[in-house]
Amino acid sequence: MPLIKNGAAADDSWTTALTPDELGHTGPLIVTLELWHAHRERLLGRNGPIGIRLASNQAPDLIAGDLHRFDLVALEFPKFADGRAYSHARLLRERHGFSGELRAVGNVLRDQLLFMVRCGFDSFEVADDRPLDGWEAALSEIDIVYQPAADRRAPVTTERSERPAVAANWAY
Amino acid sequence: MSLKIVTANRLRDGAVVYLAGSARWSERLRDARRATDAAETDALLAAAERAVAAQEVVAPYLIDVVQADGTIHPVGTREIIRASRGPTIKPPVGSFRQDESHV
Amino acid sequence: MYRYDEFDHRFVAQRVEQFRDQVQRRLSGELSEDEFKPLRLMNGLYLQLHAYMLRVAIPYGTLSAKQMRKLAYIARRYDRGFGHFTTRQNIQYNWPKLNEVPDLLADLAEVEMHAIQTSGNCIRNVTADHYAGVAGDEIEDPRVYAEMIRQWSTLHPEFSFLPRKFKVAITGSPNDRAAVRVHDIGLRMVTNEAGEPGFEVIVGGGQGRTPIIGATIRKFLPKQYLLSYLEAILRVYNMLGRRDNIYKARIKILVKETGAEKFAELVEREWQAIKDTPVDLPDAEVERIAAYFAPPAYQTLGAYQPSFEEQRLADRDFAAWVRSNVAAHKQPGYSIVNISLKPEGGVPGDASADQMDLVADLADRYSLSEVRVSHMQNLVLPDVRQTDLYDLWQALVEGELATANIGLLGDIIACPGLDYCNLANARSIPVSQRIGRRFADLKRQHDIGELTLNISGCINACGHHHVGHIGLLGVDKKGEEFYQITLGGRRDEQASVGRIVGPAFSTDQVVDAVETIVNTYLDRRVDADERFIDTVGRIGLEPFKEDLYATH
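Protein chains in written order, with the numbering used here: chain Y, -6 to 165; chain Z, 3 to 105; chain P, 60 to 611.
For the record, the hints were derived by calculation from the structure and aren't laboratory data.
Each residue gets a CB set at the ideal place from its N, CA and C atoms; glycine is no exception.
Any given hint might turn out to be false.
[As the list claims (entries may be wrong)] Residues of chain P clear of chain Y, computed beta-carbon distances all greater than 10 Å:
(1) 135
(2) 338
(3) 404
(4) 425
(5) 599
[Said to hold, decoys possible] With a Cα cut of at most 20 Å, we get these calculated SDA-like pairs of lysine to any residue:
(6) P:389 x P:353
(7) P:156 x P:105
(8) P:536 x Z:87
(9) Y:72 x P:299
[Said to hold, decoys possible] Example chain Y residues on the side facing chain P (calculated, C-beta under 7 Å, incomplete):
(10) 74
(11) 75
(12) 83
(13) 112
(14) 139
(15) 140
(16) 150
Work out the full structure, taking the sequences as your base and the hints as a guide.
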């Protein structure tokens, strides 16, 4: 699956384990929540970065206690219409202070990229081999935001207070 | 089996269209190619899917028609209204029908 | 009213170009219909029975004369010369072409309008009291807060893929003209013991398949926490709302299944964590927005205008129109004028481009250039001097916009129905016209008095039939159009869902059925001052059922 970071294609050093057989893999390893619960001691004992993958119905507070152990959290979008991970991402960043890699996986499409970035995602496992050149454009299509979120973009209210906007009472 | 035809909306302008050939769509229901058995309906739907893939139409589906007066007629209020290409009531004074685009 | 600053202008221009690119990618095949559909919905573009349909946002139902003229231009240039004003204070065009919509949106952007988030599983147009700012019973103009919510909800990255659509309504008056109790979130301005204004927050109301009156989850929310509290509600909904079944995905189901008290606790807990983060606006920004809604420079006039009184006495048609269509304004010497879009034989809520231009001209001349859209599918000129009413009325008569039926039986609210809509099971407009014809006599309508009749063409209830005093729901019975009748619905502060009277009526029977209901009321009311809805409240449904079904 192609990986996007910083608006461009990137190599992926991580492997995802979906079954117990795959837990023996050395190197950076992402495991599902079920695997983490079932094999926690073993996984704690291994060398190498560990990541966790949450389904869309698994909220971040399920892993809050262990969050410091993960270098990566992957959040699933089983269908792009399932928007729960947007909230989960913001909570991970803003409530739980997660500063590792926050990866969107599943039905991840270019037209949701800006929403995902604003909610704190910084890497994206793209759904298929669609042209990647649009992805960077997608980030700069709209540069005004109306509300604070997990990213650094200043909402328009900040911009307004910093410099008085051009006279609003244009004659009609 | 009753007679069936395929209808859809044209992607570009949303107009109601009927599959009239293997790659031809008409705005007139009576031009539609009829299917009388499962093999023929499959062929119609396959042609419709090709048109979807070619960005010509969206949301094709089969509808029943009946033969009468030497031509075919839609069945059911919804398809009758659709085939009439507009509401059953008069829109406000001052409104107009745009020229229908080429068939 | 609110005016865009350079940031708002830039935003909407960028949004147009983003959609233009998305349309290109759809036409080229780079985007499939499945991928494109949510994108076009979030720009208000539906695929309907005959064509595409574009729903343009009219934020909290307020627009300027200049904007109304642009809506007329859009109708002529891109459509078939008319538009439809909706039960959520928006306007719909029935014939736009996909490849022309980006240009259409660019034209709208020139006058600070758009179609953003008028569809899709996101936060929709915030609706408000159509008398906002000019009604005497108001605590504060709710549109200040509606504008705040509009901005906050625009392209909110966390809440653009909700389980389902999300509708917010707000009233600044204890007399609820915005139907806040049948919205996903309803906000009702109230004051606390110290006299400070804030909001009663009502969640989980709605119509559609499962009509429910909303539950109050907070009796008083201080104004300054409005956005953070809404953010908490939306976050709880986004995370916990059902996604397995689209018919159970609205917040009303979540509130019902969780229990209102428990739901309120969940919101409170989340809110405590975010209430002092920057989502709430700084005072300076609230003041900046509020300044746009400051009362205009009204003239100082007396409450009694002799010329107006004389004209009323001299012209009975004018007097009848004043009685039904003109409402009291908080400023002495001014009036609120309702423009009926329900002429007999017309299409409820439709206006031609010529009529839109006329309304724009009249707004410029008589109403400080402002117009409102009500969720009863009518228009409002909010700031008319009493001394201008007669001239205004004559101009409206010429434009067929002066039917004196506001709030009466002829003022039918009807969704577009099967004449236009893909979701419909039956037509609404022809039934509304036949009922209108049966009761065309305005004297008779005045004698019947206040009576709201709503018609929906399907269970989605866009005609708001659940809260009609008389509600009609179109259903398909073996390929025939039938109409199920409900009675006793209310949309005000005593909101209630109408109750079904019995088996549905055929197209042939339904107008007689409505007349039977009206006659039952006339027979049973204690006097002409007892409104239909109050008679229903007093005597219940039994007498109506007996009269309707006795001979079957």
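Against the structure, the hints come out as follows:
In this structure residue 135 (chain P) is separated from chain Y by more than 10 Å, as the shortest Cβ-Cβ distance comes to about 21 Å. Remark: the non-interface label on residue 338 (chain P) conflicts with the geometry, its nearest Cβ contact in chain Y lying 6 Å away (cut-off 10 Å). Every CB of chain Y is more than 10 Å from the CB of residue 404 (chain P) (nearest about 35 Å), matching its label as outside the interface. For residue 425 (chain P), the non-interface assignment is confirmed: its Cβ lies about 16 Å from the closest Cβ of chain Y, beyond the 10 Å cut-off.
For residue 599 (chain P), the shortest C-beta to C-beta distance to chain Y comes to about 44 Å, beyond the 10 Å cut-off, and the non-interface label holds. Of the pairs offered as hints, the one joining residue 389 (chain P) and residue 353 (chain P) holds, with about 14 Å between alpha carbons and a cut-off of 20 Å not exceeded. The straight-line distance between the Cα atoms of residue 156 (chain P) and residue 105 (chain P) is roughly 11 Å, inside the 20 Å bound, and the hint therefore holds. Restraint check for residue 536 (chain P) and residue 87 (chain Z): not satisfied, since their Cα atoms lie roughly 24 Å apart, outside the 20 Å limit.
Using a Cα cut-off of 20 Å, the hinted pair residue 72 (chain Y) and residue 299 (chain P) holds, with the two alpha carbons roughly 16 Å apart. Restraint check, residue 74 (chain Y) versus chain P: the minimum CB separation of about 6 Å is within 7 Å; hint holds. Given hint, residue 75 (chain Y) at the interface with chain P, holds; its Cβ is 6 Å from that chain's nearest Cβ, closer than 7 Å. Restraint check, residue 83 (chain Y) versus chain P: the minimum CB separation of about 6 Å is within 7 Å; hint holds.
The beta carbon of residue 112 (chain Y) comes within 5 Å of a beta carbon in chain P, closer than 7 Å, and the hint placing it at the interface holds. Because the closest C-beta pair between residue 139 (chain Y) and chain P is about 5 Å apart, less than 7 Å, the hint holds. A least Cβ separation of about 5 Å between residue 140 (chain Y) and chain P falls short of the 7 Å threshold, and the interface hint therefore holds. A hinted interface residue such as residue 150 (chain Y) counts as satisfied when its beta carbon comes closer than 7 Å to some beta carbon of chain P; here the least separation is about 5 Å, so the hint holds.
Hint violations for this structure: numbers 2, 8, all remaining hints satisfied.
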